[in-house]
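For the record, the sequence lines run as chains S and V. Each residue of the first sequence is one higher than the one before, counting from 17 in our numbering. Each residue of the second sequence is one higher than the one before, counting from 635 in our numbering.
Since the hints were made in silico from the structure, they are not lab data. Keep in mind it's a predicted model, so treat the numbers as computed, not measured. Don't take each hint at face value.
Said to hold, decoys possible - Okay, the calculated bits of chain V under chain S, using three or more residues with CB under 8 Å as the criterion:
{"hint": "1", "region": "749 to 757"}
{"hint": "2", "region": "825 to 835"}
{"hint": "3", "region": "840 to 847"}
{"hint": "4", "region": "856 to 866"}
{"hint": "5", "region": "912 to 922"}
Quick reminder that beta carbons are idealized off the backbone N, C-alpha and C, glycines included.
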Amino acid sequence: MPDAAYEQGFRAAILDPTAETPAGLTSAFGGMPRKRFDVYRNNVTVSLTTALADIFPAVSRIVGEERFADLARLFVRAHPPESPLLFRYGENFAAFIEAFAPAATMPYLADVARLEHAWLTAYHAADAAPLAPEMLSAIPPEELPHAKFETHPATVLIRSQYAAVSIFNANREERERQRINAGIPENGLVTRPELAVRLTAVTGGDATFLHALMSGNTLAEAAEAAVVADTAFDLSAAIGLVLTSGAFVAVHVES
Amino acid sequence: MNHHVSTVNAAQRFPRFAIEGLSGASFKPEHFEAIANDGEFDGFLEVHAENYMGDGGPPHRQLAAMRGRFPLSLHGVCMSIGGQGELDSDHLARFAALVRRYEPTLVSEHLAWSTHDDVFLNDLLPLPYTSETLARVTTHIDQVQEAIGRPLLLENPSTYLLFEESTFSETDFLDEVTERTGCGLLLDVNNVFVSATNHGTSALDYLAQFPLEKVGEIHLAGHAEQDDGEGHVLLIDSHDGPVADPVWKLYEIVIGQCGPIPTLVEWDNDVPGWPVLKSEAAAARAIMNRHAGTFMLGRRHA
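Taking the hints into account, I'd like the entire structure generated from these sequences.
Structure, rendered in C-alpha cells:
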C-alpha cells in the first residue's frame, strides 16, 4: 500500500456500508474480519447521527427516533461534516429534509429544523450587550427615521409558511401532545440577549420590519416595508419588540 | 478548596493550580450546577477543546467558572495529527486561542486522524506506523507545540485492526515521536487494555515497552465487549460505563511503578450523575494515595 493510501481507503469505505473493506488492513489473528472495520464505520455514523439528533431534538421527536436515525444516516452519507466543529453541522439539513420525498407529508418539518439550527447558532454566538433603550431615546425624534440598527450576533429570523414556532415549542422537550394547526404561518425570532436562547413568535409585519432592519435599512424604510406587508402593522409595538427581544446591539444615524 | 494556589501572575486571568497527585473527571455541561455546588471535589476537570470553539454563550461562561475553581485539562479530539494532509490552520489557531484564554494545566491530543480532504469523520481513526507517518506526525506535533507555545501530551489510541505496512510497534513509534518533538504522553490505560485484547497481545508487555517517564497524564474509561465474528473478543472504547477491573489493576501497576500521575476518568456516553463520576475519580485518587508514600522524594522513573 503506498504511503497515505490508508486515508483514501478509509474515506471511501467508512460511510458506505456496501463497500469492500479497504486493502492493507489485517488483524493479529490473520485475515481482516469485516466487523473490525465496521467498528470504525459504526463510530463515525452513530456519532454523527447522534450529533444531529442532539442538534434537532424536535425534528427527531416529530418523526420518531428510528425514522430520524434513518434520515440522519442518509444525510451524513450525502453531506459529511466539513468542519470539526459539530455545533455548526447540519446547516443544510433543513434543505435536505425539503428535498426528501418521504417527508413531504410534513411540509413544516424543514422550518422546524431551521429554527433548531438557529437555536444552536445563537447558543454559541458571541456575547454582546443588547441595545439599551437609552441609546434609542438619545436620538433626536427628527433623525429617528434615518436610524439604522446593528444586529446582535445571536439573532436569526426564520419566516415560515407553517406554524413552525408552535411546533418547535411543542416538540423541543417532552410535553403532552397538543393539536396545532400547522397551516398558520409563523415567524420565529431567535435571540440570546444574555445566556438563555429565546424564541419569539412574531407577526408577518414585525418579521418584515425586523428583516429590513437586519438587512441594514433605515427605520423609515423598514416601517414602510412592514405596512405594505401587513396593514395592521403597529410601529410603536415593533420598536418595543426591537428593545425587548435583544435582537440588536446598537443604533446610529448616518450624517 | 484544598488546591495550593500560588501567586496569580498579573498577565494571568486564572489561578495557577497544582495538579500533582490529583484525579479528575470529564466536565459535562449537565453537571455544571452539581459541580458548582460541590464543596468537596478537589480534583481537576477535562474538556474536549472543540466544544469550546464557539464565539461565546453558556459554554464559555461555564468553562470560565470551572477554570476559576479547578485545574483544567484541555483535550483536543479533532486535530488529525495522524492525518496525511496539512493541519487545518484555522483549527490550530482556535486550539491555540483556547490554550491562551483558559491557561490549562494540561494540553493533549491524539495519535489518530479524523479529517481527510476537508471531510471530518468525527472518530479517532488509526494510522500505520511507518517512517513516513512518523515524519508527518512529528511535523504536525512541532506545529501544534509552536502554536501553543508549550509541550503537548499525545495519547495512545484504541485500535481494532492493524496495518500490513506498519514497521514500528506503537510504543516504539510513540517513543520516537517524543524524542523528536519533545512532547509528552497521555497514557490511556483503557486504550492499552482494549488494543492489547483486540490484538491478542499483553497489556503488561505494552506498558513495559511504553516510555512511562514521558507520561504527563493518565486516562481511564469504560469499554464495551463484542466479538469480531470469528471467535475473538473485540473491545470497544465506548466511554459509556465504569472503569473495568483489569484496567484498574493495570493502572495500579503503573502508579506503583511511576508514582502519582494526574489521572482523569472519561465518561462521554450514557453519562451518569456527577456523584458517579466523582466517585470514579476518587477511586483513582485513592490508588495514587496508597502509593504516594513510596514517592515522597519524587517520581521514580521507569
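Hints versus structure:
1. Three residues within the 8 Å Cβ limit are the bar, and the region 749 to 757 of chain V against chain S gives 9, so the coverage statement holds.
2. Counting residues of the region 825 to 835 of chain V whose beta carbon lies closer than 8 Å to any beta carbon of chain S gives 4, which meets the minimum of three for the stated coverage.
3. With a threshold of 8 Å between beta carbons, the proposed coverage of the region 840 to 847 of chain V by chain S is violated, since 0 of its residues qualify and at least three are required.
4. As drawn, the region 856 to 866 of chain V meets chain S at 6 residues by the rule of a beta-carbon pair under 8 Å; at three or more, the given contact holds.
5. Restraint check on the region 912 to 922 of chain V versus chain S: 0 residues with Cβ-Cβ distances below 8 Å, three needed, restraint violated.
Hints 3, 5, counting from the list given before, are not met by this structure.
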